Amino acid sequence: MTASTALTATGLGKRYRGNWALKDCSLAVPAGRVAALVGPNGAGKTTLLHLATGLLTPTSGSVSVFGEPAGRNATLARVAFLAQDKPLYDGFTVADMLRFGRHLNPRWDDDSARTRLAALGIPLDRKVGALSGGQQAQVALTVALAKRPELLLLDEPLANLDPLARHEVMRDLMVAVAEREMTVVLSSHVVPDLKDTCDWLIVLNGGRVQLSGDIEELIAGHRLLTGPVSLADGVAGRLDTVDDRRTDRQATLLVRAGPGEVFDPRWTVRGVELEELVVAYLRSPDSTALPRLTLAGVLGGN
Amino acid sequence: MIEFRLDRGSGVATYLQLVHQVKQALRLGVLRPGDRLPTAKEVVDQLAINPNTVLKAYRELEREGLVAAKPGLGTFVQRALGGTSVTEHARLRDSLGAWVTDARAAGLDAEDVEALFAAVVLDKFRVGEETA
Numbered sequence: 001m002t003a004s005t006a007l008t009a010t011g012l013g014k015r016y017r018g019n020w021a022l023k024d025c026s027l028a029v030p031a032g033r034v035a036a037l038v039g040p041n042g043a044g045k046t047t048l049l050h051l052a053t054g055l056l057t058p059t060s061g062s063v064s065v066f067g068e069p070a071g072r073n074a075t076l077a078r079v080a081f082l083a084q085d086k087p088l089y090d091g092f093t094v095a096d097m098l099r100f101g102r103h104l105n106p107r108w109d110d111d112s113a114r115t116r117l118a119a120l121g122i123p124l125d126r127k128v129g130a131l132s133g134g135q136q137a138q139v140a141l142t143v144a145l146a147k148r149p150e151l152l153l154l155d156e157p158l159a160n161l162d163p164l165a166r167h168e169v170m171r172d173l174m175v176a177v178a179e180r181e182m183t184v185v186l187s188s189h190v191v192p193d194l195k196d197t198c199d200w201l202i203v204l205n206g207g208r209v210q211l212s213g214d215i216e217e218l219i220a221g222h223r224l225l226t227g228p229v230s231l232a233d234g235v236a237g238r239l240d241t242v243d244d245r246r247t248d249r250q251a252t253l254l255v256r257a258g259p260g261e262v263f264d265p266r267w268t269v270r271g272v273e274l275e276e277l278v279v280a281y282l283r284s285p286d287s288t289a290l291p292r293l294t295l296a297g298v299l300g301g302n
Numbered sequence: 001m002i003e004f005r006l007d008r009g010s011g012v013a014t015y016l017q018l019v020h021q022v023k024q025a026l027r028l029g030v031l032r033p034g035d036r037l038p039t040a041k042e043v044v045d046q047l048a049i050n051p052n053t054v055l056k057a058y059r060e061l062e063r064e065g066l067v068a069a070k071p072g073l074g075t076f077v078q079r080a081l082g083g084t085s086v087t088e089h090a091r092l093r094d095s096l097g098a099w100v101t102d103a104r105a106a107g108l109d110a111e112d113v114e115a116l117f118a119a120v121v122l123d124k125f126r127v128g129e130e131t132a
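Residue numbers (full-length UniProt numbering), protein chains in the order written: chain A, 1 to 302; chain B, 1 to 132.
Honestly, the hints are just simulated from the structure, not real lab data.
Values in this document were obtained by computation on a predicted structure and should not be read as measured data.
Positions of the beta carbon are idealized from the N, C-alpha and C atoms, including for glycine.
You may find that some hints are simply not true.
Stated by the list, open to error - If you anchor each label on the Cβ, the simulated ranges turn out as follows:
1. B:117 <-> A:247: 36 to 42 angstroms
2. B:120 <-> A:230: 36 to 42 angstroms
3. A:119 <-> B:117: 41 to 47 angstroms
4. B:72 <-> A:268: 47 to 53 angstroms
5. B:27 <-> A:216: 22 to 28 angstroms
6. B:1 <-> A:268: 39 to 45 angstroms
Said to hold, decoys possible - Which residues of chain A face chain B? A partial, calculated answer using Cβ under 10 angstroms:
7. 33
8. 34
9. 167
10. 173
11. 174
12. 177
13. 195
14. 196
15. 197
16. 199
17. 216
18. 271
19. 273
All chains should be built: construct the whole structure from the sequences, respecting the hints.
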């Protein structure tokens, strides 16, 4: 069963001196997914990605990639990681970056990298430091893709990019996913950019996992209710309530409920958008909606 | 070949927008039996969406018997929709056009016309619920 899971964390924790950057984190990202890793600054997103690449070692628990412990040589060949600062050598030309990548990576695909850069109009003889921010992001993504990873981890790939560059990076990433078997985990805090591109959502908050699941199932499994405050306690007592806001007359509740759930007709009931869902969970750090089956699966797969 | 568009603010799931656009093209005769749909990669390259979304839309169309996937070749239109000929379409369009002109002369604006049209459609199709 681990064969179909690209990234698995079990009770994973990382402590820096006295502080837990990540605590008791259990999740499983199925292979072939494009997973969004969302959360406020300091939520533990970068720590989780660094643990998954093996750049950090866990303080507690474990993390594995395609069933093998993260950071082993055999695992490293299958994983590419693009750090937040898009680490390129400013003094290198684009061609030098490709040569560098070719020397370090046995599965390096030079042809596709050159084709990609030509299509983007990025000259190979240009110094990396002389490229625009968007072009640097594209060169970094090209290098990561040329490694032919089965799991691609991207830390804030869209940060500091203008809207056009963001669109182009996401488009090229989606084309790469369409062309080959690849799982992607990308962190971001720009949720609207992720709406049509990601199909799995992980919400991290204060070092803990609040949500991990298929985006469509998560959207289908939540309802937003607006109605008289006198009815609120009844609903809150019956269903898991993620977000509960009340005035003296009106209540607005975000609850976990499927499309078949029947409510008092005095409620106005509607579905939720991805961004509403994320914001509601982040505002209520104690709420979690982790499917128990997935968790049991993770533990059973050990 | 058709080109998909996305209405990102509509609240309609992306895969359903693709399904609706294929059906619309089938109704209008823009797509005909034997035509190939764009590959997932072509759609992704144009719209920057998750390829699984395109595949999900195509599976839905396949489930409804409108298209069929031929491994290695692509996804092809199996049958047309609507059951009316192009001339029939032209005739209906003309009579609807005359009605809209009439409504406009009576002082209705575009929103009034759309609301009235939607209400009549709902009314006439309520029996049977078959609106596919």
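Consistency of the hints with the structure:
One distance hint, 36 to 42 angstroms for the beta-carbon pair residue 117 of chain B and residue 247 of chain A, holds here, with the actual separation near 39 angstroms. In this structure the supplied range 36 to 42 angstroms holds for residue 120 of chain B paired with residue 230 of chain A, their Cβ-Cβ distance being about 40 angstroms. For the pair residue 119 of chain A and residue 117 of chain B, the beta carbons lie near 45 angstroms from each other, so the given range of 41 to 47 angstroms is met. Against the hinted window of 47 to 53 angstroms, the Cβ-Cβ separation of residue 72 of chain B and residue 268 of chain A comes to about 50 angstroms, which satisfies the hint.
Take residue 27 of chain B and residue 216 of chain A: their Cβ atoms lie about 27 angstroms apart, and the range 22 to 28 angstroms holds. Between residue 1 of chain B and residue 268 of chain A the CB atoms are about 43 angstroms apart, so this pair conforms to the stated range of 39 to 45 angstroms. Nearest Cβ of chain B to the Cβ of residue 33 of chain A: about 8 angstroms, under the 10 angstroms cut. The hint holds. The interface hint given for residue 34 of chain A is met, as the beta carbon of that residue sits about 6 angstroms from the closest beta carbon of chain B, less than 10 angstroms.
The criterion of a C-beta within 10 angstroms of any C-beta in chain B is met by residue 167 of chain A, whose closest approach is roughly 6 angstroms, and the hint holds. For residue 173 of chain A, the interface hint holds, the least distance from its beta-carbon to any beta-carbon of chain B being 9 angstroms, beneath 10 angstroms. Interface hint status for residue 174 of chain A: upheld, as the beta-carbon distance to the closest one in chain B is roughly 5 angstroms, under 10 angstroms. The restraint placing residue 177 of chain A at the interface with chain B holds, with a minimum CB-CB distance near 6 angstroms, inside the 10 angstroms limit.
Because the smallest distance between the Cβ of residue 195 of chain A and any Cβ of chain B comes to about 8 angstroms, under 10 angstroms, the interface hint for this residue holds. Contact between residue 196 of chain A and chain B, as hinted, is supported at the beta carbon level, the nearest pair being about 4 angstroms apart and thus within 10 angstroms. Among the interface hints, the one on residue 197 of chain A holds; its C-beta lies about 5 angstroms from the nearest C-beta in chain B, closer than the 10 angstroms criterion. Interface hint status for residue 199 of chain A: upheld, as the beta-carbon distance to the closest one in chain B is roughly 5 angstroms, under 10 angstroms.
Of the supplied interface hints, the one on residue 216 of chain A holds, with its beta-carbon coming within about 8 angstroms of a beta-carbon of chain B, less than 10 angstroms. Given hint, residue 271 of chain A at the interface with chain B, holds; its Cβ is 8 angstroms from that chain's nearest Cβ, closer than 10 angstroms. Hint status for residue 273 of chain A relative to chain B: holds, with the closest Cβ pair at about 7 angstroms, below 10 angstroms.
Checked against the numbered hints above, the structure breaks none of them.
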